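Student: Residues per chain, in single letters:
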Amino acid sequence: MSAIIELINIKTYFYITKGFFKTLAVKAVDGVSLTIHKGETLALVGESGSGKTTLGRTALKLVEPISGKIIFEGRDITHVKKDLKEFRKKAQMVFQDPFTSLNPYMTVRQIIEEPMIIHGYPADERERRVLKALSDVRLLPAEEFLPKYPHMLSGGQRQRVGIARAIVLEPTFLVADEPVSMIDASSRAEILYVLKDLQKKYAMGIMYITHDIATANYFSDTIGVMYLGKIVEYGPTKEVIGSPLHPYTKALIEAVPDPDPENRFRERNVIPGEPPSPINPPLGCRFNTRCPFVFEKCKEKEPQLVDVGRKHLVACHLHQ
Amino acid sequence: MMAVLSVKNLKLYYGTLRGSVKAVDDVVFDLENGEALGLVGESGCGKSSTAIALIKLLPSNVVKFEGEILFEGKNLTTLSDEEIRSEIRWKKISMVFQGAMNTLNPVLKVGFQVAEPLIVHKKVEKEEALDKARELFKLVGLPPEYVERYPHELSGGMRQRVVIATALALNPKVVILDEPTSALDVSVQAQIMNLLKRLKKQLHLSMIYITHDIALASDLCDKIGVMYAGEIVELGPIEKVLLTPKHPYTQKLISCIPHLKGNKMPEFIPGAPPDLTNPPSGCKFHPRCQHVMEKCKVNRPHAINVDGRLVKCWLYE
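In order, the protein sequence lines correspond to chains D and R.
Those letters in the first sequence? Residues 54 to 373, per our numbering, in order.
Those letters in the second sequence? Residues 8 to 324, per our numbering, in order.
Calculated from the structure, these hints are not laboratory results.
Bear in mind that the values here come from a model prediction, so they are computed numbers and not experimental data.
Hints should not be assumed to be uniformly reliable.
Derived contacts from chain R toward chain D, CB cut-off under 7 Å, selection only [claimed, not checked]: (1) THR85; (2) GLY164; (3) VAL193; (4) SER225.
Yeah, the Cβ is synthetic: ideal placement off N, Cα and C, and Gly gets one too.
Construct all of the structure, not just a fragment, from the sequences and the given hints.
Tutor: What follows is the structure, given as structure tokens:
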């Protein structure tokens, strides 16, 4: 397998000013390395504020990292400012909210055609590709959807229009940022199967950003669990979900509601509290304020990601 | 057991330029004392409309509102707006709205916002109301001194707890919860579900829990009503509906749940829910049903008792 995109020790900070002179850094992503290969799906799982979306946007060069390297198809594009047209064509994004990410004044045809106009495709090619993209995302018969406006479509259909727009240029790298979180449970699987099929067809590398570890279980090959800007556990999906090591990963798995009528008689084991602010993350292990197994070392020294075998990496003092 | 709330043939239609939208169409259910009923279905199936009908918080374009909502011997559909406002809404039946944690007033302290219904409805002095707010904060797992805070000083999960405290302020019998956890992170969602379970037991509350996620409903509810296109198509104890679903729509909905254990891939329901200005003839689910028969396209199925639950499906008649 060849790598599509490689992120090396990426740090993305945002700066906020407090008062006149003070500037605080929000460490949204704080030293993350990962690689996505051709045809591979990497799921980034974590709660809001964990930096997963910022990491996705950094990989697409929508925000500038303060340090680290982005290598796309073998080329270091970290500091490239111009000459990105080829990259922009090959790296695409599917957004979370299908209700606000489509222009309400544009028809389905115009929405899907727009990226091709920007990249200078001739009219007949555009026509052919719009129809192909619509059938790729199973909006059939395609001709019927062309003149429709977003408000005439259901949430699931809108999201498929969003996917059609993303894949019409046949990208090699796709960032899907919570593509199903705003979709009815009854259509979620359909959207994910559409993405999976397209991935096979175009050998795309997909970065699947989600807070739902259950969908990541089906949809990804590799999983990275993020907490406060760091990857705390990383490895093949079956391995990580089958035998999670980090207490945070275990808590995420425990929090998934299983359909069982007995559930209502017991309380779930949940981790207390909510993620602390990334402006001033806890010293040592960032999870130490909520971890049920915390001991002295966790508050002093930050654990490093270490390989515990079977390609399974974890950053926790319990496993060093 | 006596039902606290008994709903019969409830109808709520909205008037639009394209005709009337049959958002709630002949909904029937009973809510027992201390019981949690889950109303489950896709978006646009009428679950939230059912909720606002129960507390008569109706938008101005309602063209039809009829049926019976029996509560403590009164039929709420026939009471005047003033009677509902002064006697029922919030005092007896309160509601946690979807996304309510983001609708807290940003310039008022949260304690005051919890105390407000007491001041308005019970004419309690402000100081006394704030004391009660502190008690309510303890009840929902917030430090009592947080009454002095503003909404922006609280995290999402804490704000959701404030909203739940507001709904409990007047000791209601029934609390309606509309997707109370949909905007929260999974770990916080589990915390709120634990809180709701505890409150239900401790206060002996009756709850109506609205969600699109049937797995989440199983975390709290004793009874499930599966809604499709304005109707309850299957209604019964959680064990029956979840473990041996009868209606093809319920069966599909359950097969959509992604599991962490096992290798069964989640399924999906092809097509979209129908346009409620012009719903399909016969059974409204027939265009998406895999067991569709000729009869389903013509006649509307009735609710019949099948193995301990009510089902509206021709397969069982």
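Student: Any hints this thing doesn't respect? Which numbers, in order?
Tutor: 1
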